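Visitor: Sequence:
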Amino acid sequence: MSELLHFAEHRLQEGALIFLALVYTKRIFWLLKFPAGKERQAPTGSPDTTKWKGIFYSWAIIGMPWVMESSRKNPFFYAQFVIFHLGVTLAIALSFIIPYAPGVLENGTVVLVFQAAIWAACAVGCIRIVRRIASPYMRAISSPDDYFSLILLTVWFAFAGLSVPNRLDQGEGTLLAYFFLTAFFLMYVPFSKISHYLYYPFSRFYFGRSMGHRGVFPIPASVKPPAYKAAAPVQAEATATTTSR
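Here this note's numbering is used: the first residue of the sequence shown is 95, the next is one more, and so on.
The set of hints was computed from the structure by calculation and includes no laboratory data. Predicted model only: the values in this text are computed from it and were never measured. Among the hints, erroneous ones may be present.
Unchecked claim - Below 30 Å or equal to it, Euclidean Cα-Cα: the simulated DSSO-like pairs (lysine-lysine) are: (1) LYS147 x LYS167; (2) LYS120 x LYS132; (3) LYS287 x LYS132; (4) LYS120 x LYS145; (5) LYS132 x LYS147; (6) LYS127 x LYS147; (7) LYS145 x LYS127; (8) LYS287 x LYS127.
With the hints as extra help, turn the sequences into a complete structure.
Guide: Structure follows, in structure tokens:
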């Protein structure tokens, strides 16, 4: 291993992680300085629903696609979401495994799992880039950071997928590119839209607390989309009758 690769795998990554932690710590303290909004209405809904039930439900809803209308109607997009974020998780884990636990990658099954998941995430990244460019609606709401972040992640996935076998005998170029990209990624993330995951626990906490207080979360099992669909023809008939009069 060359000195440059050793630096990229260790000192560079450690410095980038420390920088990320410092920026996030400062941002969290800044966020907590703002007073939380207070409820202006009395508790409503079922007495079995509490604020904390609403909070936990709000945190867990990301893993319940059948509850969210957007993912229920577009399961393909939800599958993309899962694959993409699983790829991110494994690509980040790889940056720790290669320098500190390379023996893990001596298992052929582990290598195949990492490669399959990361390359699938790379494919999803390509699909999202095309969709963001091709769709006039996506273009209208996209900023330069959206394009740059998505392209950066997709390229990073590609180098992560190539680096999984950790074959130094085949050259260090791929590993160097992967670790330098990882370091840049870690330092860039706090200032990009990718940092949305930092706010997720906080935003879902307050949203769940409010919805639990109002008796909305957890959503009662009796509230199902077919109930509204079944009522639609009746409503349409009533509207037509009123109009004819």
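Visitor: So, for every hint listed, does it hold in this structure?
Guide: Checked hints:
no.: 1; hint: LYS147 x LYS167; result: holds, 26 Å
no.: 2; hint: LYS120 x LYS132; result: holds, 25 Å
no.: 3; hint: LYS287 x LYS132; result: holds, 28 Å
no.: 4; hint: LYS120 x LYS145; result: holds, 28 Å
no.: 5; hint: LYS132 x LYS147; result: holds, 18 Å
no.: 6; hint: LYS127 x LYS147; result: holds, 25 Å
no.: 7; hint: LYS145 x LYS127; result: holds, 22 Å
no.: 8; hint: LYS287 x LYS127; result: holds, 21 Å
Checked against the numbered hints above, the structure violates none of them.
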